[in-house]
Amino acid sequence: MKDLWELFVTFVKIGCVNFGGGYAMLPLLERELVDKRKWTTMDDLRDYFSIGQCTPGIIALNVSTFIGEKRAGVKGALVATLGFLMGPIAIILAIAAFLTNFAQYEVVQHAFAGIRVCVCVLIIQAVLKLWKKSVVDPITLAMYLAIFALHAFSGWLSVKIPAAVLVITAGILGIVFSRLKNRKAEGGKA
Amino acid sequence: MMKLLQMMLAFFKTGLFSVGGGLATLPFLYEISDTYGWFSHADVADMIAISESTPGAIGINMSTYAGFQTAGVIGGILATLSLAAPSLIIILIIARFLKKFRDNPMVEGAFYGLRPASIAMITAAGINVAKVALVNLSAYAASGQIGDLFIWKAIILGILVFIGQRKLKWSPIVFLAISAVVGIVFRF
Chain A
1 MKDLWELFVT
11 FVKIGCVNFG
21 GGYAMLPLLE
31 RELVDKRKWT
41 TMDDLRDYFS
51 IGQCTPGIIA
61 LNVSTFIGEK
71 RAGVKGALVA
81 TLGFLMGPIA
91 IILAIAAFLT
101 NFAQYEVVQH
111 AFAGIRVCVC
121 VLIIQAVLKL
131 WKKSVVDPIT
141 LAMYLAIFAL
151 HAFSGWLSVK
161 IPAAVLVITA
171 GILGIVFSRL
181 KNRKAEGGKA
Chain B
1001 MMKLLQMMLA
1011 FFKTGLFSVG
1021 GGLATLPFLY
1031 EISDTYGWFS
1041 HADVADMIAI
1051 SESTPGAIGI
1061 NMSTYAGFQT
1071 AGVIGGILAT
1081 LSLAAPSLII
1091 ILIIARFLKK
1101 FRDNPMVEGA
1111 FYGLRPASIA
1121 MITAAGINVA
1131 KVALVNLSAY
1141 AASGQIGDLF
1151 IWKAIILGIL
1161 VFIGQRKLKW
1171 SPIVFLAISA
1181 VVGIVFRF
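Sequences listed follow chains A and B, in order. The first sequence: position 156 = 156 (my numbering), numbered continuously. The second sequence: position 172 = 1172 (my numbering), numbered continuously.
Keep in mind the hints are simulated off the structure, nothing from the lab. On a predicted model such as this, the values are computed, not experimentally measured, just so you know. Please note that the accuracy of each hint is not assured.
[Claimed, not checked] EDC-like mimics (lysine to aspartate or glutamate), calculated; alpha carbons at most 16 Å apart, straight line:
| hint | chain 1 | residue 1 | chain 2 | residue 2 |
| --- | --- | --- | --- | --- |
| 1 | A | Lys160 | B | Glu1031 |
| 2 | A | Lys38 | A | Asp3 |
| 3 | A | Lys184 | A | Asp137 |
| 4 | A | Lys75 | A | Glu6 |
| 5 | A | Lys133 | B | Glu1108 |
| 6 | A | Lys13 | A | Glu32 |
| 7 | B | Lys1131 | B | Asp1034 |
| 8 | A | Lys70 | A | Asp44 |
| 9 | A | Lys70 | A | Asp47 |
| 10 | A | Lys75 | A | Asp3 |
| 11 | B | Lys1131 | B | Asp1043 |
| 12 | A | Lys13 | A | Glu30 |
| 13 | B | Lys1100 | A | Asp44 |
| 14 | A | Lys181 | B | Glu1108 |
| 15 | A | Lys160 | B | Asp1034 |
| 16 | B | Lys1100 | A | Asp47 |
| 17 | A | Lys181 | A | Asp137 |
| 18 | A | Lys36 | A | Glu6 |
[Said to hold, decoys possible] To give an idea of the interface, some chain A residues facing chain B are shown, with a C-beta separation under 7 Å as derived from the structure:
| hint | residue |
| --- | --- |
| 19 | Leu85 |
| 20 | Ile91 |
| 21 | Cys118 |
We put the CB at the ideal spot given by N, CA and C, even for glycine.
Let the hints inform the model, and build the full structure from the sequences given.
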C-alpha cells in the first residue's frame, strides 16, 4: 500500500512538471526514476520511450503505464497513469473555468488571436522536424501526399474518410511495402 | 447522459487511433469538432497554445476541456480517462512481451507507413489552424479583393516567430507569451 502511494505521488509530481511532452520528459524521468529512486534503468527507459512512441496514445502516458506495471503490476500501472493525469486535469479544469468566464473580453480575444499565429508556426516546426524521420524514400513521400490530399480535401469529396480509416490503411500499406522492399533487397544480394 | 457516453466513446477512439504522440490527436479533435460541435476549430488552436504552456499533452488537455464544456468537472475527468484507457490497455498487454514486440518486423513495417500518415494529418491540422489565424475568408468573400484574404499583420508575426524559433532556442512558452502581447498591442 505504501509502495502504491509512493508510486502515485511520484507520478503526480512528474505530471505537474511535464512541459512540452514526449522527449522533453526523458531527462526528468531519468532524474526521478533512475537516479533518485532506482525504479528502472536508463536502457529500460529508452525502450519504454521507443515503444511508447509507436503505440497509440500520448507517449508520456505510455511510459507512466510501463513503469507502474513494472513496479506493481496492473494496480501499479493504474496508479501511475492516474497520478500522471492528476496535474494536467486540475490545471485545465481551472483554465476552462477561467476561459468560460473571461473569453468574451476583448483583451483575451486579441491575445488568443496572436497566440494562434504562434501555434501555426509551432505546428510547421513540428512537421519539419518529423519529416526527416518519416518521409525517407519515394514510397513514404507518396503516402504522405496521398494521405494529406485525402484528409485535407475530403471536405470536397461526397464522403468524408474518417481519420481512423486512414491510420489503419497506412499501417497495412506500411507492412506490405516494407515486405516488398525487403524482398527486393534480398533478391539484389542473391 | 447520452451526450457524456458519446463523448467518452469519441475520446476513447481518439486515444486508440492517434499514433505518434501529442499533435497526432489533432485530426481526431477536428473530426470531433465537425461531428459534434462540442468545441470549435478556434478552441482547438487555443488548446494547442495552452498545452504548450502547461504540463500535459494536447490530447489530454483537449479531452479535459471538452468534457468540462459538455458536462462540468465530472465530464472533464471522464473524457480524459476515456482518452487514456486504450493506451493503458495496450501497454499492459505489450509489457508482458516487451522484447518480442519491439523486434517484430510487422510492427516495424506498420510504422514505416504510420509515420508519414501521421505527419500528413498533422500538416492538414496546421492548415486548419492557419485558416483561423492567418486568413480572413469572410472579408475576402465580401470584397473579392485577394489582399483582404490574408491577415497581413498575422503573417508578419508568423514569419518573425518562425525566424526567431530557428535562431533562438527559447522555449515555446516564451514565443506564445510574446505573440499574446503582440496580439493585444496590435489588436489582432
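Hints that the structure is at odds with (numbers, increasing): Result: no hint breaks.
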